[in-house]
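Respectively, the protein sequence lines represent chains U and C.
Mapping to UniProt numbering: the first sequence position 199 is 199, numbers consecutive.
Mapping to UniProt numbering: the second sequence position 380 is 380, numbers consecutive.
In short, the hints are calculated from the structure, not lab data.
It cannot be assumed that every hint is accurate.
Since the list can't tell identical chains apart, any single copy or any two copies may satisfy a pair.
Claimed, not checked - Here are the computed lysine to aspartate or glutamate pairs in the EDC-like style, where the Cα-Cα straight-line distance is at most 20 Å:
(1) Lys15 to Asp95
(2) Lys298 to Asp367
(3) Lys228 to Asp2
(4) Lys298 to Glu383
(5) Lys298 to Glu388
(6) Lys15 to Glu72
(7) Lys339 to Glu148
(8) Lys228 to Asp198
(9) Lys228 to Asp195
(10) Lys15 to Asp198
(11) Lys180 to Glu215
(12) Lys339 to Asp155
(13) Lys300 to Asp40
(14) Lys339 to Glu159
(15) Lys339 to Glu383
(16) Lys339 to Glu352
(17) Lys228 to Glu159
(18) Lys158 to Asp195
(19) Lys158 to Glu213
The lines below spell out each chain.
Number of protein chains: 2
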Amino acid sequence: MDWQQIFATRNNRMKASEIRELLKLLDQPDIISFAGGIPDPDLFPAQAFQEAFSDALTPQNQATALQYSVSEGYGPLRDWIVEEMARLGVPCTRDNILITSGSQQALDYLGKLFLSPGDTALVGWPTYLGALGAFNAYEPRYDRLDPETNRSAADYAKEAGEGRVKFAYMSVDFANPTGKTLDHAMRERVIDLADALDIAVIEDAAYQSLRYEGEALAPVLAREIERKGDINACRTIYCGSFSKTLAPGLRVGWVCGAQQVISQLVLLKQAADLHSSTINQMAIATVARAQFDSHVTKIKAAYSARRDRMLAALEAHMPEGVTWTRPEGGMFVWLELPKQINSADLLARSLESERVAFVPGHAFFADGSGSNTLRLSFSRTNEALIDEGVARLGRLIAAA
Amino acid sequence: MDWQQIFATRNNRMKASEIRELLKLLDQPDIISFAGGIPDPDLFPAQAFQEAFSDALTPQNQATALQYSVSEGYGPLRDWIVEEMARLGVPCTRDNILITSGSQQALDYLGKLFLSPGDTALVGWPTYLGALGAFNAYEPRYDRLDPETNRSAADYAKEAGEGRVKFAYMSVDFANPTGKTLDHAMRERVIDLADALDIAVIEDAAYQSLRYEGEALAPVLAREIERKGDINACRTIYCGSFSKTLAPGLRVGWVCGAQQVISQLVLLKQAADLHSSTINQMAIATVARAQFDSHVTKIKAAYSARRDRMLAALEAHMPEGVTWTRPEGGMFVWLELPKQINSADLLARSLESERVAFVPGHAFFADGSGSNTLRLSFSRTNEALIDEGVARLGRLIAAA
Numbered sequence: 001m002d003w004q005q006i007f008a009t010r011n012n013r014m015k016a017s018e019i020r021e022l023l024k025l026l027d028q029p030d031i032i033s034f035a036g037g038i039p040d041p042d043l044f045p046a047q048a049f050q051e052a053f054s055d056a057l058t059p060q061n062q063a064t065a066l067q068y069s070v071s072e073g074y075g076p077l078r079d080w081i082v083e084e085m086a087r088l089g090v091p092c093t094r095d096n097i098l099i100t101s102g103s104q105q106a107l108d109y110l111g112k113l114f115l116s117p118g119d120t121a122l123v124g125w126p127t128y129l130g131a132l133g134a135f136n137a138y139e140p141r142y143d144r145l146d147p148e149t150n151r152s153a154a155d156y157a158k159e160a161g162e163g164r165v166k167f168a169y170m171s172v173d174f175a176n177p178t179g180k181t182l183d184h185a186m187r188e189r190v191i192d193l194a195d196a197l198d199i200a201v202i203e204d205a206a207y208q209s210l211r212y213e214g215e216a217l218a219p220v221l222a223r224e225i226e227r228k229g230d231i232n233a234c235r236t237i238y239c240g241s242f243s244k245t246l247a248p249g250l251r252v253g254w255v256c257g258a259q260q261v262i263s264q265l266v267l268l269k270q271a272a273d274l275h276s277s278t279i280n281q282m283a284i285a286t287v288a289r290a291q292f293d294s295h296v297t298k299i300k301a302a303y304s305a306r307r308d309r310m311l312a313a314l315e316a317h318m319p320e321g322v323t324w325t326r327p328e329g330g331m332f333v334w335l336e337l338p339k340q341i342n343s344a345d346l347l348a349r350s351l352e353s354e355r356v357a358f359v360p361g362h363a364f365f366a367d368g369s370g371s372n373t374l375r376l377s378f379s380r381t382n383e384a385l386i387d388e389g390v391a392r393l394g395r396l397i398a399a400a
Numbered sequence: 001m002d003w004q005q006i007f008a009t010r011n012n013r014m015k016a017s018e019i020r021e022l023l024k025l026l027d028q029p030d031i032i033s034f035a036g037g038i039p040d041p042d043l044f045p046a047q048a049f050q051e052a053f054s055d056a057l058t059p060q061n062q063a064t065a066l067q068y069s070v071s072e073g074y075g076p077l078r079d080w081i082v083e084e085m086a087r088l089g090v091p092c093t094r095d096n097i098l099i100t101s102g103s104q105q106a107l108d109y110l111g112k113l114f115l116s117p118g119d120t121a122l123v124g125w126p127t128y129l130g131a132l133g134a135f136n137a138y139e140p141r142y143d144r145l146d147p148e149t150n151r152s153a154a155d156y157a158k159e160a161g162e163g164r165v166k167f168a169y170m171s172v173d174f175a176n177p178t179g180k181t182l183d184h185a186m187r188e189r190v191i192d193l194a195d196a197l198d199i200a201v202i203e204d205a206a207y208q209s210l211r212y213e214g215e216a217l218a219p220v221l222a223r224e225i226e227r228k229g230d231i232n233a234c235r236t237i238y239c240g241s242f243s244k245t246l247a248p249g250l251r252v253g254w255v256c257g258a259q260q261v262i263s264q265l266v267l268l269k270q271a272a273d274l275h276s277s278t279i280n281q282m283a284i285a286t287v288a289r290a291q292f293d294s295h296v297t298k299i300k301a302a303y304s305a306r307r308d309r310m311l312a313a314l315e316a317h318m319p320e321g322v323t324w325t326r327p328e329g330g331m332f333v334w335l336e337l338p339k340q341i342n343s344a345d346l347l348a349r350s351l352e353s354e355r356v357a358f359v360p361g362h363a364f365f366a367d368g369s370g371s372n373t374l375r376l377s378f379s380r381t382n383e384a385l386i387d388e389g390v391a392r393l394g395r396l397i398a399a400a
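Using the sequences and the accompanying hints, generate a full structural model.
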């Protein structure tokens, strides 16, 4: 049977993620891996989850925990998120919150909500690879979102051709893959642009809680509420996640936005998977309520020390001509190599001779550029190995 | 902001599910509900899940249980499913299995895999409402799959117009909503038709394990393997679920099919939600391994008695002119009322005067017909209430 000829056209754009393939390498014990970008399992609040799952399965709770539940999500978890969003400067109610199976699912549903084939999504060059993967299923065009230029709304609209610009997507804090944070002025500019184009803004806040230095910046959504008075009048849709703070294996994230958006997303979710795991939502609610802040403080201390070590190692070991970002949080440092060095080739050599893994940067570019860039994650590697791995990488780049 | 004008066109087809709205009524204690179609929570193997989650969170397992995992699914669970599929007459390997977040998600991904706007999906008249919901997001046309007629492949192909017929979808055992089972000859005919049209067959087996009488029929996939020798040469894609046997709240189901289909679905899943909850897959694997058969035997005894009681009550209380199915398993009985009775109007009156809930049948028809049909579920109502509820309903219909 020739399956290709009956697959829908969107499948032409669905390719294996290089990052996911690379994750397999993490299991080889002699590899020093700066690939991935996944939490350190030694930092999971496992004891708290043990108690939370046990509590969800007591005779009093088990009929709820194991049963179907509403597509919107578990009420007490949505209530905790309402409180958390208020702390971030986003006053809202339960009706502004949808629970998703990780924020990856939020990106899938937002692509489904907005994109018809040929519509345009504005994304960074580079941007989160998983966002491109999620959106690709809806066959959009991409245009470069670059608030630092003075490119006009009319120019963006013109580039969209037959379709229409539907949203601007961005990770604003310690972005994956660059580690960069969008400053106040740029956040305002994105709102201006979105207002002018009459499009949505998708604010991916997966790393928002992991700030190691400097002052927290108000989310784009918070800034828009300040302008417009009410979340239901706002075009920014905030995507949060428990994957980087508590645990990714439970697949729990959320979307916070205008009620009209949330209620349509609820319909999409109902049709797509009915609801996210009931018991996992209950367990996350329990653990978040008991110790979100104290747990996040603990993991920030660990990740922050690793970031410091990686930045020091880069300073010590990288040859002339290599530049890198200095993230104030998150899990990533982004390197730019001299133009002539192809980071995918470098990875192949690195795995062979140096046994160091990283992610070549070009997959993060919707236009396939960025062949001289790469992403390093410091989240899962201990400090001595960070030093050793960066030293090996520096040696390899110097010889390239 | 006028959201409607930037939502993708597919949203015009995403409507609130009547069943999900009705589920809210189940919480009112004086309603006798035959709506829903959800398992009885008193039958959940809660103690076994308590132990399984506890085991997943021991120091030895917690780093796996709480971490990201591969999109294909948890290996030991896929292995258990391989054994289960072999028992059903479907020899396969791990590479033929994808774990999904319930079989609802499998339907969403299969719609995504096959359907471009305007393509045709063949479905029963009536069919599972949730399948229509999942497929609607991909903007198909529907044509009536009716293997009992001698309609030719050429005729189906012609009806597809500009698009192409992509698959035949059907629930084969004790189908939702009719409770009917497709017999051997009809299963063969569907394979013939699919061969002639060169399309996929989606076999929804959500209720397969819940047979209360009669001999189990080989799945369509098993019959096709008998013809073609190897699952990888087959066009049938089998969707299984733990929601009706162990617990729906964990959201764990699976797809079993040709490797080429599974590997493309893995890419779609990777882009859509990375993977299903790791800890839930581990817990399901543990409970299935320990007691799937004995647990299913136990719940079958309970549901079977309720089915018997409902059939007896229908016999005793339904007026002339009402007909119904006699399911050999599952959770549903399907009623046809005299043509002039509209079951949606009947429901409104029933909730007001008789306090009995059911699902009006028209939502299960892709063409919106079936206004004189309704679905009763016997899965969550005790036997005395079944008798009382059917008596009230019979009285109401007799007066209509």
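How the hints compare with the structure:
1. Lys15 to Asp95: Close across copies (18 Å), not inside one copy (35 Å); limit 20 Å.
2. Lys298 to Asp367: Intra 39 Å, inter 57 Å, cutoff 20 Å: neither.
3. Lys228 to Asp2: Cα proximity of Lys228 and Asp2: across copies only (15 Å, versus 54 Å in one copy).
4. Lys298 to Glu383: Answer is within; shortest intra-copy Cα gap is 16 Å, inter-copy 54 Å.
5. Lys298 to Glu388: neither (25 Å within a copy, 58 Å between copies)
6. Lys15 to Glu72: between (30 Å within a copy, 15 Å between copies)
7. Lys339 to Glu148: neither (23 Å within a copy, 66 Å between copies)
8. Lys228 to Asp198: Classified as within; 14 Å inside a copy, 55 Å across copies.
9. Lys228 to Asp195: This pair counts as within: shortest intra-copy Cα distance 11 Å, inter-copy 58 Å.
10. Lys15 to Asp198: Neither. Shortest intra-copy (31 Å) and inter-copy (25 Å) distances fail the 20 Å Cα cut-off.
11. Lys180 to Glu215: within (14 Å within a copy, 63 Å between copies)
12. Lys339 to Asp155: neither (29 Å within a copy, 59 Å between copies)
13. Lys300 to Asp40: within (11 Å within a copy, 44 Å between copies)
14. Lys339 to Glu159: neither (28 Å within a copy, 56 Å between copies)
15. Lys339 to Glu383: neither (29 Å within a copy, 76 Å between copies)
16. Lys339 to Glu352: Cα proximity of Lys339 and Glu352: none, with 22 Å in one copy and 74 Å across.
17. Lys228 to Glu159: Neither way: Lys228 and Glu159 sit 28 Å apart in one copy and 51 Å across, limit 20 Å.
18. Lys158 to Asp195: within (16 Å within a copy, 47 Å between copies)
19. Lys158 to Glu213: Answer is neither: 40 Å inside a copy and 65 Å across each miss the 20 Å cutoff.
Hints 2, 5, 7, 10, 12, 14, 15, 16, 17, 19, counting from the list given before, are not met by this structure.
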